[in-house]
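There are 2 protein chains.
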Amino acid sequence: MYKLVIHGTYFSSVDENHVQSIENALICIGDSGQVELVLSSSDPLFEEELARARKQDILEELTDSQYLLPGFIDLHTHAPQWAQAGLALDLPLEKWLNNYTFPLEAHFADEDVAKAVYDDYVQKLLSLGTTTALMFGTIHLEANLMLAKIAAKYGLRAFVGQVVMDNPDQTPTYYRNVDYGSALSLTEKFINFMSEMQEKTGATLQPVITPRFVPSCTDEALAGLGELAKKYDLPIQSHVSESNWEHQYAINRFEMHDAEVLDSFNLLTDKSVMAHGTQLTVDDCSLLCKRQTAIAHCPISNMYFGNGVLPVKSLISHHHKLGIGSDISGGYSPSIYHNLRQAVGSSQMLEDGVDSRMNPQERGRDNARITMANAFYMATVGGGDALHLPVGKIEPGYLADFQIVRDHPPVIGQKSSDDIFQRLMYSTEEKDIEKVYVGGKLVYKKVGE
Amino acid sequence: MYKLVIHGTYFSSVDENHVQSIENALICIGDSGQVELVLSSSDPLFEEELARARKQDILEELTDSQYLLPGFIDLHTHAPQWAQAGLALDLPLEKWLNNYTFPLEAHFADEDVAKAVYDDYVQKLLSLGTTTALMFGTIHLEANLMLAKIAAKYGLRAFVGQVVMDNPDQTPTYYRNVDYGSALSLTEKFINFMSEMQEKTGATLQPVITPRFVPSCTDEALAGLGELAKKYDLPIQSHVSESNWEHQYAINRFEMHDAEVLDSFNLLTDKSVMAHGTQLTVDDCSLLCKRQTAIAHCPISNMYFGNGVLPVKSLISHHHKLGIGSDISGGYSPSIYHNLRQAVGSSQMLEDGVDSRMNPQERGRDNARITMANAFYMATVGGGDALHLPVGKIEPGYLADFQIVRDHPPVIGQKSSDDIFQRLMYSTEEKDIEKVYVGGKLVYKKVGE
Numbered sequence: 001m002y003k004l005v006i007h008g009t010y011f012s013s014v015d016e017n018h019v020q021s022i023e024n025a026l027i028c029i030g031d032s033g034q035v036e037l038v039l040s041s042s043d044p045l046f047e048e049e050l051a052r053a054r055k056q057d058i059l060e061e062l063t064d065s066q067y068l069l070p071g072f073i074d075l076h077t078h079a080p081q082w083a084q085a086g087l088a089l090d091l092p093l094e095k096w097l098n099n100y101t102f103p104l105e106a107h108f109a110d111e112d113v114a115k116a117v118y119d120d121y122v123q124k125l126l127s128l129g130t131t132t133a134l135m136f137g138t139i140h141l142e143a144n145l146m147l148a149k150i151a152a153k154y155g156l157r158a159f160v161g162q163v164v165m166d167n168p169d170q171t172p173t174y175y176r177n178v179d180y181g182s183a184l185s186l187t188e189k190f191i192n193f194m195s196e197m198q199e200k201t202g203a204t205l206q207p208v209i210t211p212r213f214v215p216s217c218t219d220e221a222l223a224g225l226g227e228l229a230k231k232y233d234l235p236i237q238s239h240v241s242e243s244n245w246e247h248q249y250a251i252n253r254f255e256m257h258d259a260e261v262l263d264s265f266n267l268l269t270d271k272s273v274m275a276h277g278t279q280l281t282v283d284d285c286s287l288l289c290k291r292q293t294a295i296a297h298c299p300i301s302n303m304y305f306g307n308g309v310l311p312v313k314s315l316i317s318h319h320h321k322l323g324i325g326s327d328i329s330g331g332y333s334p335s336i337y338h339n340l341r342q343a344v345g346s347s348q349m350l351e352d353g354v355d356s357r358m359n360p361q362e363r364g365r366d367n368a369r370i371t372m373a374n375a376f377y378m379a380t381v382g383g384g385d386a387l388h389l390p391v392g393k394i395e396p397g398y399l400a401d402f403q404i405v406r407d408h409p410p411v412i413g414q415k416s417s418d419d420i421f422q423r424l425m426y427s428t429e430e431k432d433i434e435k436v437y438v439g440g441k442l443v444y445k446k447v448g449e
Numbered sequence: 001m002y003k004l005v006i007h008g009t010y011f012s013s014v015d016e017n018h019v020q021s022i023e024n025a026l027i028c029i030g031d032s033g034q035v036e037l038v039l040s041s042s043d044p045l046f047e048e049e050l051a052r053a054r055k056q057d058i059l060e061e062l063t064d065s066q067y068l069l070p071g072f073i074d075l076h077t078h079a080p081q082w083a084q085a086g087l088a089l090d091l092p093l094e095k096w097l098n099n100y101t102f103p104l105e106a107h108f109a110d111e112d113v114a115k116a117v118y119d120d121y122v123q124k125l126l127s128l129g130t131t132t133a134l135m136f137g138t139i140h141l142e143a144n145l146m147l148a149k150i151a152a153k154y155g156l157r158a159f160v161g162q163v164v165m166d167n168p169d170q171t172p173t174y175y176r177n178v179d180y181g182s183a184l185s186l187t188e189k190f191i192n193f194m195s196e197m198q199e200k201t202g203a204t205l206q207p208v209i210t211p212r213f214v215p216s217c218t219d220e221a222l223a224g225l226g227e228l229a230k231k232y233d234l235p236i237q238s239h240v241s242e243s244n245w246e247h248q249y250a251i252n253r254f255e256m257h258d259a260e261v262l263d264s265f266n267l268l269t270d271k272s273v274m275a276h277g278t279q280l281t282v283d284d285c286s287l288l289c290k291r292q293t294a295i296a297h298c299p300i301s302n303m304y305f306g307n308g309v310l311p312v313k314s315l316i317s318h319h320h321k322l323g324i325g326s327d328i329s330g331g332y333s334p335s336i337y338h339n340l341r342q343a344v345g346s347s348q349m350l351e352d353g354v355d356s357r358m359n360p361q362e363r364g365r366d367n368a369r370i371t372m373a374n375a376f377y378m379a380t381v382g383g384g385d386a387l388h389l390p391v392g393k394i395e396p397g398y399l400a401d402f403q404i405v406r407d408h409p410p411v412i413g414q415k416s417s418d419d420i421f422q423r424l425m426y427s428t429e430e431k432d433i434e435k436v437y438v439g440g441k442l443v444y445k446k447v448g449e
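Protein chains in written order, with the working numbering: chain Z, 1 to 449; chain C, 1 to 449.
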């Protein structure tokens, strides 16, 4: 009847502000990979289903120190940059791009390079509990298809972007689309190949319209990508007002804000995900909210390149669509856990301000702090909503994208369910993630488990 | 002739701004636990020493993906709070203290509790590459001696504080010294027991004069502790201007700044380490610098409780003594690697400002960003200098406190020595730390290695 039944304690968001802990539950997963039934231990059917699952040998029993969590959605990452994670963060943006990032991405013209890096990266994501990722590729069609193929092989739900960057003023000669026409034609080819691959494999492989960011693209490319998104009803990803420089660039070139430029090319839709947004004005945010465009909050990367902290608390209170992104390699860590921690910490720094020479009343922003429950919601339900994918919750109708993590309870002290949740969020590292499921299928198992 | 010879590539600070990488070196460690000789591969003695070490079976050969680093010095941590690491960080300080921290510390009246928590914590520190720690204990003599004993057992260099907190206005009835007289007498007993234990074990076990912080102590306790520090020529640890609240408290009670209060009780010496300091004024910093008092920078904890970022770059340029502290459990992570990453990120946030509603020119602080080399220096040489201990460098005359870590080179791409250094600093987790030595003695070996 089911393909997998999990017996144990789980955490799942109720809403933006609340996480629930259900102890000793049975989570029953059907052949489609969806959760069909969740039974509490007081349910009359509980013992019968438990016994049946045991008999059918489809039962996964959690130990007392194991917990079930939804898999994370990484809502913004540059897959090729995995090869330079943690490098060059002491350099200014221009050197980071020209001495490291662009030369690295240019190497992905070589399919062997793509295969080696993407094989490693996709496995790393799964081992960190990330079950869905919205990824930039490069400008290379074959490499991007390789990324999708590898994602399907290992079981990651993959949203992959064929990057467009054709503006000669803002891109190096060795790493640029020939012109807007070839960029658009490559994107359309990519869309078609991806559809074929999705049909063939049955995996979640979604092509994504991907203007690198406004500065990298000509007007014609931006316009053409807006049309392709409409024609094929596709998700869109890009960056918006990521830094002082990017925010000002749009004003200089278009006499409009970055968000308005994207909107003018029909690139802000309810399937769009825009990364960073640290320099968005209140009006810009309203525009994104009106278009139901999500923001991928990248808290680690924003420390280095954001020139400010995204006011997440305010966006939540305005019901903005929000998720969490690692932004490899503007952020150094592929772990969504690490990004959750930084999201909370950075929000406190926004509330308190940073420069103690200023008066405490003047240097911070009232009511900016988010809770770990807020951050967890963003990394699970928020990411799923942004991608129109039923993932991020443990309840019937959602896909069974899960991680099983080991807690390290202290030798003495607290053990309320909120304490356990906090400790899991603040201390889980790769070594503590023991099994990962996508659609009820085991896609990662820690060595030695 | 030597007790251990290590053959491989190492990183060690040259000065505050520069890290050197020496490839294929021989590090020769004498019976005293000190490095006696470092030979480069071009040295005429190299081959001879290598062969001799191999013959004597005292050679540790690093593989191509292993690197030798100095062990880290954690310059500020509360050992008992290990039992609540990662908990309650969503709460305001008062609830964090009264609902979690004080009740937890009060449990250390029970020696079994102390034994269990400290046994776990000391092993955790070593497994993270921390070879020396300056630690707050609790107000309980037996528990503090237990911490020292356990540190000696596992080989951690331990600076342990018998905490004094006797001010009824700022401490709960269930967790407070009876009065200043008994607090001082306990401290003196602790000093004497520690001297005995140090003599008996030969380990680095240093008693530390430890007023919790100015608010927790009566004038008499502060004065008495200043006298004890002088009488026994001991290190001193406390907190200084950790938050807006603490900074203002001293002004309200003494009409002086927190640093001036400490100084007036002779608690700022060249053996003092004061934690946090985020709200110190320029004059306060000058006073600490004049007294040669070190600041323990706790970047993760400061996100939550600091109300601002310590201006490390400016302090470095004024040759201030600085180290890195995890501040368990104000900070959630015992990993100095995690704290190094946050130190760099927070400094960038100080430079850029956080609230994008303000003008970029007004919201940040010019020239505040530190490099990873700065942070590494603080966690190694800086910590050693603060404690007057010859640790933190790999060179003759320094103690052989080392960690061997495994790099994960990317499948393609850069491999300059600076790239390797950056990657090690930004990506090393507990699972990558393979062996740890203190004084040339193996004190930790990763399971499975």
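Note that these hints are calculated values from the structure, not bench results. Hints are not guaranteed to be accurate.
Identical copies look the same in the list; a pair holds intra-copy or inter-copy alike.
In the SDA-like style, the derived pairs of lysine to any residue whose C-alpha atoms are separated by at most 20 Å in a straight line are [unchecked claim]:
id: 1; residue 1: K189; residue 2: S416
id: 2; residue 1: K3; residue 2: Q56
id: 3; residue 1: K290; residue 2: T63
id: 4; residue 1: K230; residue 2: H388
id: 5; residue 1: K95; residue 2: S417
| 20 Å Cα cut-off: does K3 pair with Q56 within a copy, between copies, both or neither? | Intra 9 Å, inter 59 Å, cutoff 20 Å: intra-copy only.
| task | Measure nothing new, just compare the shortest in-copy and cross-copy C-alpha distances for K290 and T63 to 20 Å and report within, between, both or neither. | result | neither (46 Å within a copy, 56 Å between copies)
| Taking 20 Å as the upper bound on the Cα-Cα distance, should K230 and H388 be classified as within, between, both, or neither? | Within one copy only: 16 Å inside a chain, 67 Å across chains, cut-off 20 Å.
| task | Pop the pair K189 and S416 into one bin, within, between, both or neither, using alpha-carbon distances up to 20 Å. | result | neither (53 Å within a copy, 38 Å between copies)
| field | Copy assignment of K95 with S417, given that the CA separation must stay at most 20 Å | value | between (46 Å within a copy, 18 Å between copies)
Figure legend: structure checked against the earlier numbered hints; hints not met, in rising order: 1, 3.
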